[in-house]
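Protein sequences, first through last, are from chains C, B and P.
Residues in the first sequence are numbered from 0 upward in steps of one, following numbering that gives the first Met the number 0.
Residues in the second sequence are numbered from 0 upward in steps of one, following numbering that gives the first Met the number 0.
Residues in the third sequence are numbered from 0 upward in steps of one, following numbering that gives the first Met the number 0.
Derived from the structure by calculation, the hints contain no laboratory data.
It is possible that part of the hints are untrue.
Just so you know, same-sequence chains aren't split out, so a pair can sit in one copy or run between any two.
Derived lysine-lysine pairs resembling DSBU-like cross-links, with alpha carbons at most 35 Å apart [said to hold, decoys possible]: (1) LYS77 to LYS48; (2) LYS77 to LYS238; (3) LYS238 to LYS48; (4) LYS13 to LYS77; (5) LYS13 to LYS238.
All figures in this text were calculated on a predicted structure; none of them were measured in a lab.
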Amino acid sequence: MKKKNRLQLDDNGKLKHFLTIEGLNRQMLIDILDTAESFTSVTEQNIKKVPLLRGKTIVNLFFEASTRTRTTFELAAKRLSADVLNINIQASATAKGETLLDMLRNFEAMHCDMFVVRHADSGAAHFIAQHAAPHISVINAGDGQHAHPTQAMLDMFTIRREKGEFHRLNVAIVGDIRHSRVARSQIHALSMLGVEDIRIIAPKTLIPTEPDTFGVHVYHDLREGLRDVDVVIMLRLQKERMSGGSLPSEHEYFQLYGLTEEKLALAKPDVIVMHPGPVNRGVEIDSAVADGPRSVILQQVSHGIAVRMAVMSMAMQSHLRDAPGGQR
Amino acid sequence: MKKKNRLQLDDNGKLKHFLTIEGLNRQMLIDILDTAESFTSVTEQNIKKVPLLRGKTIVNLFFEASTRTRTTFELAAKRLSADVLNINIQASATAKGETLLDMLRNFEAMHCDMFVVRHADSGAAHFIAQHAAPHISVINAGDGQHAHPTQAMLDMFTIRREKGEFHRLNVAIVGDIRHSRVARSQIHALSMLGVEDIRIIAPKTLIPTEPDTFGVHVYHDLREGLRDVDVVIMLRLQKERMSGGSLPSEHEYFQLYGLTEEKLALAKPDVIVMHPGPVNRGVEIDSAVADGPRSVILQQVSHGIAVRMAVMSMAMQSHLRDAPGGQR
Amino acid sequence: MKKKNRLQLDDNGKLKHFLTIEGLNRQMLIDILDTAESFTSVTEQNIKKVPLLRGKTIVNLFFEASTRTRTTFELAAKRLSADVLNINIQASATAKGETLLDMLRNFEAMHCDMFVVRHADSGAAHFIAQHAAPHISVINAGDGQHAHPTQAMLDMFTIRREKGEFHRLNVAIVGDIRHSRVARSQIHALSMLGVEDIRIIAPKTLIPTEPDTFGVHVYHDLREGLRDVDVVIMLRLQKERMSGGSLPSEHEYFQLYGLTEEKLALAKPDVIVMHPGPVNRGVEIDSAVADGPRSVILQQVSHGIAVRMAVMSMAMQSHLRDAPGGQR
Numbered sequence: 000m001k002k003k004n005r006l007q008l009d010d011n012g013k014l015k016h017f018l019t020i021e022g023l024n025r026q027m028l029i030d031i032l033d034t035a036e037s038f039t040s041v042t043e044q045n046i047k048k049v050p051l052l053r054g055k056t057i058v059n060l061f062f063e064a065s066t067r068t069r070t071t072f073e074l075a076a077k078r079l080s081a082d083v084l085n086i087n088i089q090a091s092a093t094a095k096g097e098t099l100l101d102m103l104r105n106f107e108a109m110h111c112d113m114f115v116v117r118h119a120d121s122g123a124a125h126f127i128a129q130h131a132a133p134h135i136s137v138i139n140a141g142d143g144q145h146a147h148p149t150q151a152m153l154d155m156f157t158i159r160r161e162k163g164e165f166h167r168l169n170v171a172i173v174g175d176i177r178h179s180r181v182a183r184s185q186i187h188a189l190s191m192l193g194v195e196d197i198r199i200i201a202p203k204t205l206i207p208t209e210p211d212t213f214g215v216h217v218y219h220d221l222r223e224g225l226r227d228v229d230v231v232i233m234l235r236l237q238k239e240r241m242s243g244g245s246l247p248s249e250h251e252y253f254q255l256y257g258l259t260e261e262k263l264a265l266a267k268p269d270v271i272v273m274h275p276g277p278v279n280r281g282v283e284i285d286s287a288v289a290d291g292p293r294s295v296i297l298q299q300v301s302h303g304i305a306v307r308m309a310v311m312s313m314a315m316q317s318h319l320r321d322a323p324g325g326q327r
Numbered sequence: 000m001k002k003k004n005r006l007q008l009d010d011n012g013k014l015k016h017f018l019t020i021e022g023l024n025r026q027m028l029i030d031i032l033d034t035a036e037s038f039t040s041v042t043e044q045n046i047k048k049v050p051l052l053r054g055k056t057i058v059n060l061f062f063e064a065s066t067r068t069r070t071t072f073e074l075a076a077k078r079l080s081a082d083v084l085n086i087n088i089q090a091s092a093t094a095k096g097e098t099l100l101d102m103l104r105n106f107e108a109m110h111c112d113m114f115v116v117r118h119a120d121s122g123a124a125h126f127i128a129q130h131a132a133p134h135i136s137v138i139n140a141g142d143g144q145h146a147h148p149t150q151a152m153l154d155m156f157t158i159r160r161e162k163g164e165f166h167r168l169n170v171a172i173v174g175d176i177r178h179s180r181v182a183r184s185q186i187h188a189l190s191m192l193g194v195e196d197i198r199i200i201a202p203k204t205l206i207p208t209e210p211d212t213f214g215v216h217v218y219h220d221l222r223e224g225l226r227d228v229d230v231v232i233m234l235r236l237q238k239e240r241m242s243g244g245s246l247p248s249e250h251e252y253f254q255l256y257g258l259t260e261e262k263l264a265l266a267k268p269d270v271i272v273m274h275p276g277p278v279n280r281g282v283e284i285d286s287a288v289a290d291g292p293r294s295v296i297l298q299q300v301s302h303g304i305a306v307r308m309a310v311m312s313m314a315m316q317s318h319l320r321d322a323p324g325g326q327r
Numbered sequence: 000m001k002k003k004n005r006l007q008l009d010d011n012g013k014l015k016h017f018l019t020i021e022g023l024n025r026q027m028l029i030d031i032l033d034t035a036e037s038f039t040s041v042t043e044q045n046i047k048k049v050p051l052l053r054g055k056t057i058v059n060l061f062f063e064a065s066t067r068t069r070t071t072f073e074l075a076a077k078r079l080s081a082d083v084l085n086i087n088i089q090a091s092a093t094a095k096g097e098t099l100l101d102m103l104r105n106f107e108a109m110h111c112d113m114f115v116v117r118h119a120d121s122g123a124a125h126f127i128a129q130h131a132a133p134h135i136s137v138i139n140a141g142d143g144q145h146a147h148p149t150q151a152m153l154d155m156f157t158i159r160r161e162k163g164e165f166h167r168l169n170v171a172i173v174g175d176i177r178h179s180r181v182a183r184s185q186i187h188a189l190s191m192l193g194v195e196d197i198r199i200i201a202p203k204t205l206i207p208t209e210p211d212t213f214g215v216h217v218y219h220d221l222r223e224g225l226r227d228v229d230v231v232i233m234l235r236l237q238k239e240r241m242s243g244g245s246l247p248s249e250h251e252y253f254q255l256y257g258l259t260e261e262k263l264a265l266a267k268p269d270v271i272v273m274h275p276g277p278v279n280r281g282v283e284i285d286s287a288v289a290d291g292p293r294s295v296i297l298q299q300v301s302h303g304i305a306v307r308m309a310v311m312s313m314a315m316q317s318h319l320r321d322a323p324g325g326q327r
């Protein structure tokens, strides 16, 4: 924890890398939410651009393909007026046998300023941040089953916009908690922001082996778990898991853990329904709920741009402060 | 017709989507040509950029690969100072089983402003326009065998630049009319702009089943059809058709329907030769003609940028007018 | 030589295309180095952008995939405020049977200003420059085994920065000289800039068949060749060559021609070690040397951006001068 804290923050305690929710403190999360709030007006105005990162070069280092996530970071960067390089690593230099570190050194030498990293291995973004030059900021855009902190922060932003305060909320996360970097980051953020009743709802095979370390309440029955919640977060079911034997059929899963209007009626009347997308309609969630009046799924997408603009600009501020001729 | 009209125009009768020539009226086509005229100077000046769409996000949604068409839209957008996202759908989210509508909703939530759609299915751009949020404009960059309206308009622009007036012209379109979205859009545009003598020249297997509904004259003999024409538009022969049995060999096709200098001599002395590209040299057209003094094929390409800038900026104007805080 | 000279220079003797070091003169190389010097401050300042090529369109025409080289040109272009189109030719129009010349004509008609060409065939960039319209500049980003002149110039820039003067230096190039476009361009540049002692060090199978035409000294023994050199340039060993039988095993190659600290001790104490990247660690160079105090490999990468900005802006200046309404 200490070490991660040190890695993510600069000497003034400001955000330098954004790798995981762990190791940050409540105030930092609130700073991110407040900064994102100031950017929502940018994304809604006619000229959706601010010159904050003009002349900066942001590299999307995607070791794992994800058009959707890459697009949100690319849009956020362009709306901050940064130059963006999209690097798909499978198709790139590693084919020539270049090591990861040599590749990083090269982008640093080209005076790039920020790496947005997506990787199938847990810890990849940390590794890159540990080995990056001092003038580089690293943003974790999802690493293995470890963390997806910008997703968690856009979820927190959505909850705060809809519900105002965190500490009296009951929040349920439903689905494959065990393998989900999104859930892991959400639980840390919810806990840090003061949510007292965090529930995870899943079959036993999809619950983390040591869930109590998170201080969450475990439910195996969806109806029971949904009772009186203010927020329900559905996770995307990775269909690949199905064949692994750890799950019943899609149909059976939907019967037990799929969110329908009838089950949602057990939650508070003003419950909001969230999902990181893309939605598997009829698997983890019924279309009537996904498109229904309680769904804030598309608001999450909108807020994703503002939150990523916030994180990118905050991390770059740290970098400017540290630079030899900083604060120019 | 009525319905399509309503879909393409906003409440003030201005262009909102650009999906097909049908349903528009003569004045709208002339507005597009006049607007394009004003953009030709931009593409010819030293700094080929105007700030008209600064801060706007244009998404090239290409469900069918076409580097050439995508490039012209990308250049047009960049010269209007817009931000461009290139999304290749095969490689993208549909791999994760996301529905088309969910994908659209996501781009809308990211505050994108315009979709440029290329799709192998006829009607795809209409479908997307019908289901898009009110703040989105849709431009059809080619849908199946249905329409390719920006190609038709750049052709009209080229004809007007070369010939001045439309109504006394004899225009021949030669080749696979039946399967050509380009021909379909051209015939509508030529007819709407007052061309009285529109001829289609092709073997019987490549004539549309109900050609007379277009009010065009059908020829099966190239020499006969070319007599005294002012404009000849050659279509690209899709080589895939060859194997389908609806066509003779390339060599035989060239003998009968390939445009040579000798055949072109039957047309008016100041005839212009057009082709949407890429050209199959020695199949539908002889190199001596494609590169000869009557060819305006490369002018068409140049005008394509100005016409696309015109359509994009006009559609975006409608959007600005309709926006809650429009005309800011 | 004369002809190449004419092709690369405009009527005023200024750089128009940058295809190869041959045919240029010493002063032109020095102009490039001096211009690059002025751009190093741009790449090091906070807002790494100058408006020099705003509104210009630069097309990266890559017939051979190279993310690394493409990235450096893309960054250089963006930092000059140009618009960049990345065209991967395999995936593009040639699939539709379009000829190379038709493709060029199209980009020209779209008012593109510069082609950056990478091609597996020697002479491809020359061919394109010969056939390009007068308003187009062509930059060779590597053609077959022929030339890679921007790489050579960034190497010269690095040597000048580290050593000041050229004419008293001893420079050794080690590795597969025979097949290396990088070596070919380096030897021409070193010679033109006045380096008297140019050495090439390689097994006989990797020495060009007529090396003496270059006026270089040939060594087959690495230790002997390294004696008292100021600069050692290691080439990347193409592993594909191994299986061709012209080379021993990687292990054996490293024993004989791999650069280690022990062998490097034979050179001058202030020797600098260069490599065009990506490095094959443990094949042509030991990691201790590649990452050691004498290595300037990453400086080369940094300088690559400034040198490419220099070449691009100089070639575009020529173009502006020649334009009908030039110097606007």
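Structure-based check of each hint:
For the identical chains of this complex, LYS77 and LYS48 are neighbours both inside a copy (7 Å) and across copies (15 Å), given an alpha-carbon limit of 35 Å. When the C-alpha separation of LYS77 and LYS238 is checked against a cutoff of 35 Å, the pair qualifies only within one copy, where the shortest distance is 33 Å, while the shortest distance between copies is 39 Å. In this assembly of identical chains, LYS238 and LYS48 lie within 35 Å of each other by CA distance neither inside one copy nor across copies; the values are 38 Å within and 45 Å between. With identical chains, the CA atoms of LYS13 and LYS77 are at most 35 Å apart both within one copy (23 Å) and between copies (30 Å).
Taking the closest pair of Cα atoms, LYS13 and LYS238 never come within 35 Å of each other, the shortest separation being 39 Å inside a single copy and 46 Å across copies.
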